[in-house]
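Asker: Sequence:
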Amino acid sequence: MEGAVFASVEMRRSDLRFPLPTDFRRRLQGNEVKALRRRGKYLIADLSSGESLISHLGMTGRFTVRAAAGTSRPGDFYNAGSVDPAHDHVSFLMRRPSGQCRIDYNDPRRFGFMDIEPTGSLDKSRHFAGMGPEPMSPDFTPEALGAGLSGRSAPIKAALLDQGVVAGLGNIYVCEALFRSKISPRRQARNLSPAKTAQLCRTIREVLAEAIEAGGSTLRDFAAADGAPGIFQDRFQVYGRDLEPCPRCGSPIRRLVQSGRSTFYCAACQR
DNA sequence: AGCCTGCCCTGCGAGC
DNA sequence: TGCTCGCAGGGCAGGC
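Heads up: the first sequence at position 31 corresponds to 32 in my numbering, and the numbers run straight through without jumps.
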């Protein structure tokens, strides 16, 4: 998308998790994408107008890049995996001097959403104010993690899902990082020793780095923009493995529900 | 303030 | 085969 212009915007449904912003089409069309980036779980496209298109995939959202009708040249564009076109809610036609492509947003559950905010004040916008450090950045130190967890009586599992403590962690990677750190998901966040906090900081980075390398985790819906699924799900050590033996000690993996979400862990080696 | 529950929505697998 | 139930990668409002 970088360097390409929104030639047209098609909205089949505007009732995503939140309604699309007013004048959505007008504020995109004719704009060049100056930069494409990410913050936490949000995708950000900075526009030539000084505004940014923000999108969140929720759980089932998916952007797919396809050849625009009548413009495909072999090898120019990805040919994506199939999704139910009934859930293609928004489409962008992107144009650049060398050709054009279409980008379809598909989201069966419509838990995802898009918004447009001024680029200059994004950090203060409702989506990003209070968001914690990027886990792969130098800002994410054991001290920073410790500060985020201090004073919090919630279980460490719930605290790590809070995007204000650290940005971008979801249910899978929290479970996996806690397993690697041998920390019980039920432990109170404020009760982690500095050594354990440092270990957790390391394993969070480690899990994310491995998952990124593997192209992400595909349970059902996730795919890259070319339709390729991830393969990190094959390397889950606890997530989704209820009753299977712990890969470290052999005790059965257990499932419990914390703040409405499934947690998978080994009660024997996570303390 | 911090924590938890319920809810938004659709699809799918398990069990009957 | 066809139904109902439970569950799913996230985040928000509302109540305690």
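Honestly, I wouldn't trust all of these hints.
[Stated by the list, open to error] Between beta-carbon pairs, the in silico distance windows are:
#1 Pro246 x Thr23: 51 to 57 Å
#2 Ser260 x Gly4: 38 to 44 Å
#3 Arg236 x Val258: 20 to 26 Å
#4 Ala148 x Ala87: 43 to 49 Å
#5 Ser50 x Ile232: 34 to 40 Å
#6 Leu257 x Arg18: 25 to 31 Å
#7 Ser138 x Arg27: 32 to 38 Å
#8 Pro22 x Gly228: 51 to 57 Å
#9 Gly171 x Gly228: 49 to 55 Å
[What the hints assert, rightly or not] In silico lysine-lysine, BS3-like type, Cα no more than 27 Å apart, as pairs:
#10 Lys125 x Lys42
#11 Lys197 x Lys183
#12 Lys183 x Lys35
#13 Lys35 x Lys125
#14 Lys197 x Lys42
FYI, nobody ran anything at the bench for these hints, they're computed from the structure.
Beta carbons: idealized from backbone N, C-alpha and C, even for Gly.
Asker: Does each hint hold? Answer for all of them.
Answerer: So, going through the hints one by one against the coordinates:
no.: 1; hint: Pro246 x Thr23: 51 to 57 Å; in the structure: holds (54 Å)
no.: 2; hint: Ser260 x Gly4: 38 to 44 Å; in the structure: holds (42 Å)
no.: 3; hint: Arg236 x Val258: 20 to 26 Å; in the structure: holds (24 Å)
no.: 4; hint: Ala148 x Ala87: 43 to 49 Å; in the structure: holds (46 Å)
no.: 5; hint: Ser50 x Ile232: 34 to 40 Å; in the structure: holds (39 Å)
no.: 6; hint: Leu257 x Arg18: 25 to 31 Å; in the structure: holds (27 Å)
no.: 7; hint: Ser138 x Arg27: 32 to 38 Å; in the structure: holds (35 Å)
no.: 8; hint: Pro22 x Gly228: 51 to 57 Å; in the structure: violated (28 Å)
no.: 9; hint: Gly171 x Gly228: 49 to 55 Å; in the structure: violated (21 Å)
no.: 10; hint: Lys125 x Lys42; in the structure: holds (16 Å)
no.: 11; hint: Lys197 x Lys183; in the structure: holds (9 Å)
no.: 12; hint: Lys183 x Lys35; in the structure: violated (43 Å)
no.: 13; hint: Lys35 x Lys125; in the structure: holds (21 Å)
no.: 14; hint: Lys197 x Lys42; in the structure: holds (26 Å)
In the structure shown, a violation is registered for the earlier hints numbered 8, 9, 12, in ascending order.
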